[in-house]
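Peer 1: So you can see what is in the structure, the chains are spelled out below.
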Amino acid sequence: MSDDLKPIANPTVVLREEFDDWAILFDPDTGNAFGLNPTSVFIWKLLDGRHTIRDIINEVQKNFEEVPDDVEVHVNEFINDLIERGYAGYEWKQEG
Amino acid sequence: MRLMKTPKSIDIEITNRCNLRCRYCSHFSSPGDVDRDLPKEEWFRFFEELNRCAVMSVTLSGGEPFFREDLFEIIDGIVRNRMRFSILTNGTLITEDVARFLASTGRCDSVQVSIDGSIPTTHDSFRGEGNFRKAVEGIKHLQGHGVPVTVRVTIHRQNVMELEDIARFLLEEMGLPGFSTNSASYMGLCRKNAEQVQLTPEERSVAMETLLRLNRKYNGRISAAAGPLAEGRRWLMMERARREGKREIPGGGYLTGCGGVMTKIAVRADGVMVPCGQMAHIELGRINRDSLLDVWQGHPELNRIRQRRMVPLSSFDFCRGCEYINYCTGNCPALAYTIIGDEFHPSPDACLRAFLQKGGRLPDERILEA
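Taken in sequence, the protein lines are chains H and C.
So for the first sequence, this note's numbering puts the first residue at 11; every next one is plus one.
So for the second sequence, this note's numbering puts the first residue at 4; every next one is plus one.
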């Protein structure tokens, strides 16, 4: 997947944060929810259609300690998972 | 149980008006029982706040929610604000159009319809003539449109001997996946009609035994958070712990009977926030005037109710010398309030020792074995 793509969160999906910085993503259309660790919450908030995947990876490296060497793989996997669930996508530009 | 940053769900009494006057309704006696509905615009504003607070679901009750002429618009407001919803209803106003609308939202978790009998005579004895037929029709409309429908059976003196027929009717004839049970509690209109409505210790014993047996027969399709089925399970566990000399059982020995205030909050029909619809006398603030987040995280009265679970049963004269003290949870604070005027007290209605002293008996515990 190209690092230049700018993923964007599905605005229907709800981020429910808790006191310990963990959170859940809740899809009101299906009732499904799944848990996010603090790093995933940080990434979710950057899915605004303005940050490329490369930007997001850079932000993770800047803001967290002990970031693993293969952070790119983890970030891409996480975003792909969100896209497969319908929780995120890419902005689509109409031709012409 | 940990406190959530914002409530996960909200119970909203969307109206106090109702087309029925069931003799054990928990309403029509509280400070919030006003006869004027809050305008829908007020609810829309509040739903926007719920959206910002990431609340996941709303339960609409009443009164009778379908009595509100603008209920569809209110539900649209919930959907617009990224939430799901459930409805508690008497079922009599659910038409084909209502069921079709609910299905079209794609956000309805459940509609809970009250059914108290297997035949009209029993159901209508306390709910009014013709209402069994209407409620059953309502359920069929919901089923026809694939709306998840559940049934609540309120057990009282007129239907306690009919539980077997009720289970057969609901689970076999109506084809429901399950139903839940409670018994008429000493609240609202039931307080005036307690003699006619509330189970005697003997009837309570029959209800416990019958429901535990039926639940086994129907593979766990009968549920209960309160009332004879829940009591039967809990009290048998407490009796076994006493006999085996266990030091305690989880949650026992303190006022841990209800954890609802850690995950949800309620709003009366007049827009006043309360810890629970059954504790409508504890006013925490007003929607669209007071911030939900401030109330949820900082209201001293709400925090006091949450601290209830730290209160040991050994501090009550009522519990002195009780063999079950380390296994008991004190049960429902709202019921403690309606019976003795103090929610920081064990509910006398849920006292196993008192039940046995009044001639009640526990079922044979082998009934719990698979």
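Hints are not guaranteed to be accurate.
To be verified - No more than 25 Å apart at the CA atoms, straight line, and that leaves these computed lysine-lysine pairs for BS3-like:
| # | chain 1 | residue 1 | chain 2 | residue 2 |
| --- | --- | --- | --- | --- |
| 1 | C | Lys8 | H | Lys55 |
| 2 | C | Lys267 | C | Lys8 |
| 3 | H | Lys55 | C | Lys361 |
| 4 | C | Lys361 | C | Lys195 |
| 5 | C | Lys11 | C | Lys195 |
| 6 | H | Lys55 | H | Lys16 |
Calculated from the structure, these hints are not laboratory results.
All figures in this text were calculated on a predicted structure; none of them were measured in a lab.
Peer 1: Compare the structure with each hint and give your call.
Peer 2: Going down the list of hints, with the structure as the test:
no., hint, result
1, C:Lys8 x H:Lys55, "18 Å, holds"
2, C:Lys267 x C:Lys8, "11 Å, holds"
3, H:Lys55 x C:Lys361, "60 Å, violated"
4, C:Lys361 x C:Lys195, "22 Å, holds"
5, C:Lys11 x C:Lys195, "35 Å, violated"
6, H:Lys55 x H:Lys16, "13 Å, holds"
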